[in-house]
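A.B. asks: Spelled out from the first residue to the last, the chains are:
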Amino acid sequence: MPARESITCFPEIREPLLNTRSAQGKNTRVLPSPFDATDLGDLGPEESLPDLPDVSEVETVRHFTRLSRLNYGIDHGMYPLGSCTMKYNPKISEAIAGSFAAIHPADGNAMHEILEFCCLLEDCLKEICGMDACCLWPAAGAHGELTGMLVIKKAIALSGRKKNTVLIPDTAHGTNPASCAIAGFGTKSIPSGEQGYLTAEILKEHLNEDIAALMITNPNTLGIFEREIHDIAGLLHDNGAYLYMDGANLNALMGIARPGDMGVDCLHVNLHKTFGTPHGGGGPGSGPVMVRKELERFLPCPVITRDSREKYTLTWDRAHSIGMVHSCLGNMGVLIKALTYILSLGAEGLRNAATSACLNANYLKSRLSGYFDLPFSTPTLHEFVLSDLRQKDAGITTMDMAKTLMEFGFHPPTVYFPLVVSGAMMIEPTETESLDELERFAHAMETIAQMCLTRPEELHESPGTCPVDRVDEVWAARNLILTWGSFESNKGDMVSK
Amino acid sequence: MKIPEGLNYTQDHEWGKIDNRTMRIGITDYAQGELGDIVFVEFMEKGTQVAKGESFGTVESVKAVSEIYAPVSGTILEVNETLAETPELVNQDCYGDAWMVVIEMEDPSEADSLMDAEAYAEFLSAEAK
Amino acid sequence: MSYLCQTDEDLKTILDTIGIDSAQEVFSSIPVTLKYTDRLDIPGPLDEEFLRKTLAGRPSEGGFAGGGIYRHHIPALVDAVASRQEFLTAYTPYQPEISQGTLQGIFEYQSMMASLTGMEVSNASMYDGATALAEAALMASRLKGIRRIIVTRTTHPAYRAVLRTYLQNIRDLELVEIPFDPDTGRTDLRSLEEAVGEDAAFFVQQPNYFGIVEPMEKIAEISSKTGFWGMVITEAISLGIMKRPGSYDPDVVVGEAQSFGNPVCAGGPLLGFFCVNKNHVRRMPGRVVGMTKDHNGRDAFCLTLATREQHIRREKATSNICSNQGLCALRSALYLSAMGPKGLRTVASQCASGARYLMAALKDKGIQPLFGAPFFHEFVMKMDEKKRLALKDLGIIAGIPIAADYPELPDAVLITVTEMNTKEDLRCLLENL
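Protein chains in written order, with numbering that gives the first Met the number 0: chain C, 0 to 496; chain L, 0 to 128; chain G, 0 to 432.
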């Protein structure tokens with residue numbers, strides 16, 4: 000291995016499962032016990048105590064602290080994950096969201112203020128996107144997509160037209176067709192143009208009476224701005240169809256261009272991407288949906304209304320709404336963090352963030368295009384895609400390169416997506432990276448490209464210094480050990496490779 | 000790429016071996032290669048009637064799940080139980096021990112439209128382009 | 000505030016490397032007609048102190064409100080450990096080599112949820128209990144022959160609303176609602192029995208929305224006549240004392256685990272859970288973590304069964320879910336570890352005892368609950384809306400009015416007691432009633 004700067008080194012920790020530390024009587028926690036014990040026989044209670052590990056507070060803290068040290072996080076270093084926008088998570092957002100922790104949604108007085116903040120967030124998001132109405136309740140991007148497609152389905156149903164199919168470009172995220180299926184649409188994949196963006200000509204070939212909508216991501220997952228989007232919107236509208244935009248890549252557009260101006264009828268945004276709320280190891284995210292005026296009445300319940308006396312209330316009295324999509328008010332804590340972020344940056348800050356995000360990505364593209372194949376020469380914005388074409392001959396796969404990047408202290412980029420590029424590596428540094436960090440990454444990628452020529456075997460072996468080496472996913476799927484209980488009872492029988 | 004003679008092939012990469020009124024069915028070497036290490040297989044039960052082109056089961060690897068389609072219509076007579084315990088057999092011996100089901104053919108003439116080994120080989124090279 | 004970290008010199012280097020003269024040229028691929036030339040009309044930039052003052056949560060007493068979201072004691076260690084940046088800022092664990100912390104944490108969450116529900120498998124979380132129920136109904140609808148989804152009116156109204164939303168465009172699927180017995184507050188078993196059949200899937204909430212304990216033995220018997228059935232648990236704390244749902248042999252147990260270590264936080268983020276037995280594991284939506292070994296034989300964890308998920312199966316996926324409630328699930332694991340078996344039982348018992356204490360005191364004052372059947376820690380009583388608002392002005396949240404969802408129960412209020420209420424709180428409420 001070449002000498003690598005050990006900026007991020009993992010400690011040597013092997014932490015057994017929590018239940019192996021359990022022993023009766025270890026947990027001596029004292030709990031609030033304001034009430035005298037009463038006879039609870041009428042509950043038909045379970046005789047045995049809940050089946051949980053019995054461990055002390057110290058052991059709980061040490062166990063999970065050790066586990067945390069096996070994780071990479073944004074505060075360690077860059078995550079160049081395309082279409083994920085892994086930007087820095089501001090600490091002030093955490094502090095402010097924390098002050099709302101104790102408020103129960105039934106506390107009308109406290110909630111009034113919160114509804115006011117939600118309205119402010121709605122206004123900001125509508126302004127950024129150039130849209131007319133907003134719903135904050137979808138709990139994630141996919142949830143937002145489903146909500147948006149249900150809105151479109153209802154609008155179409157009410158119009159009496161029969162339109163059952165949604166067109167989806169072949170570069171789309173997997174949630175797009177999956178969301179359409181639940182909303183009751185069939186889907187049809189359409190190819191991107193030769194230059195990596197959808198053209199009005201291609202759309203015309205696929206447009207017919209049955210088409211209800213086109214789902215587009217802009218910029219798309221190749222990082223390319225869909226320059227014909229306005230014409231595409233026109234064609235769709237003439238056909239009585241709608242344009243849905245997946246807003247995952249909004250980070251390239253804040254203050255620069257607005258989906259509403261592009262002809263978008265409905266979109267979702269990802270607060271955990273563009274607006275810097277933490278990913279939490281898989282969630283919670285948030286996927287607010289925005290629509291044009293025409294579609295406003297179909298938005299989910301409840302809707303925040305503001306009367307002339309600045310009084311904010313929730314109303315469920317919406318005759319054409321698609322209904323509720325969440326049992327309460329979505330991921331409220333996440334909404335507050337996103338609002339904090341927007342207000343911290345202001346208009347200038349958001350525009351600068353978008354600009355810097357695109358500059359950083361283009362910088363890396365310039366640095367790396369000498370070593371890696373760039374499948375499209377079309378200009379890109381906040382992310383770009385490399386393929387494994389140049390390294391394939393040395394028998395190196397994108398997977399090998401991704402695993403080796405971990406040796407250099409980076410999380411790999413998004414790999415094998417979009418599907419249209421062989422061995423795709425989608426790279427999005429975001430704006431919160433210094434030139435130092437960008438250079439460190441470029442240097443790592445260059446070194447890997449050189450290793451493909453001089454020491455390819457080492458790439459197959461990596462990673463070597465991470466908490467674990469490449470894992471056996473086949474073994475995992477064949478044995479399906481999904482709980483420690485299953486582990487205990489299957490110790491003898493597990494299928495070996 | 001193994002494409003044994005004497006078998007019928009479908010465009011969905013299944014093979015069928017005819018024996019009187021029955022057809023033994025599995026997936027081809029190409030299919031198992033594309034899927035990667037097989038982790039799970041599941042079929043409809045014995046006695047189920049399937050139509051030509053209808054899915055009668057799934058084959059799963061870590062990166063994909065594929066439906067398996069009936070090359071001909073009929074009733075499922077036998078199901079290969081060993082694949083539940085040892086799905087990796089599909090990778091190791093897809094034309095032999097990893098046969099999947101035996102169907103009693105409703106209309107043997109349906110097999111006429113299937114490809115022979117040569118035609119399947121041509122089909123594969125055309126697909127590759 | 001800006002989180003950029005580049006100097007003017009850095010910018011010059013970047014522009015030179017890219018080969019452009021000014022930063023705005025990076026947007027040359029955007030047609031001029033689509034460029035936004037105005038300044039966004041949004042407030043800011045605001046400094047941290049100003050934000051702390053303006054975006055502050057008002058102190059809230061909490062009172063006696065529940066209804067699917069519950070105030071419970073959260074040991075301090077949960078915040079302390081869950082806020083570690085390695086857990087908080089980590090991405091989805093698609094690269095297992097550098098995500099073992101998240102993966103093992105979620106595996107342990109799955110293990111504990113499976114144990115508590117008495118089922119074999121749990122997924123890595125859903126958005127909330129309502130969408131978990133909706134996904135369970137979708138899962139049932141994909142089974143051969145299921146044409147009807149049956150829920151009882153004792154199921155949380157918001158859950159039924161979300162269910163309606165999710166099912167509205169699913170072909171050939173009917174949603175049926177079963178009435179409740181107005182005396183007991185329980186599901187009308189006769190109606191349920193008449194409604195079920197091989198072509199139906201039914202779901203029952205336990206304890207139900209009124210806080211009432213449903214007669215699960217009888218319901219389990221009825222289930223033998225139906226194609227698929229599930230239990231919905233909106234108050235996870237009840238798993239600390241009530242009979243394990245799995246012992247009734249449902250096909251699925253779903254619900255809300257916000258009570259396990261997640262604050263009420265004005266309504267979210269919440270934590271849906273989804274548990275099945277192994278026979279349904281391949282139909283289960285959402286991510287799931289499995290145990291494996293790495294190439295050196297070392298124990299490791301990774302996401303598994305990914306082939307069911309949206310990024311591979313796309314329109315044929317078991318669900319469209321991608322991001323889930325990962326950090327909330329981790330907080331649950333921390334909570335359950337901090338509480339232990341006795342701790343969880345104590346909390347559950349305290350909640351139930353507190354509610355009985357309040358009930359007894361109300362009866363002493365001549366106030367009867369609306370329903371006669373046993374309850375867990377919530378119950379319904381009649382309370383004049385004027386009275387309720389008067390209590391609100393005194394700073395007492397005296398439950399949740401439910402007449403809007405149950406017009407046949409005018410002035411009905413759902414009152415909840417948890418271990419966070421004190422005898423003093425109760426005295427205050429009683430005095431002012």
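No lab work stands behind these hints, which were simulated from the structure alone.
Careful, some of the hints might be misleading.
EDC-like cross-link-like pairs, simulated, lysine to aspartate or glutamate; straight-line CA separation at most 16 angstroms [as the list claims (entries may be wrong)]:
{"#": "1", "chain 1": "G", "residue 1": "K11", "chain 2": "C", "residue 2": "D435"}
{"#": "2", "chain 1": "C", "residue 1": "K90", "chain 2": "C", "residue 2": "E112"}
{"#": "3", "chain 1": "G", "residue 1": "K34", "chain 2": "C", "residue 2": "D435"}
{"#": "4", "chain 1": "G", "residue 1": "K143", "chain 2": "L", "residue 2": "E53"}
A few chain C residues facing chain G, derived, Cβ under 8 angstroms [what the hints assert, rightly or not]:
{"#": "5", "residue": "N26"}
{"#": "6", "residue": "T59"}
{"#": "7", "residue": "L80"}
{"#": "8", "residue": "G107"}
{"#": "9", "residue": "A177"}
{"#": "10", "residue": "H319"}
{"#": "11", "residue": "G322"}
Glycine included, every Cβ here is placed at the ideal spot set by N, Cα and C.
A.B. asks: Of the hints given before, which are not true for this structure?
C.D. replies: 2, 3, 10
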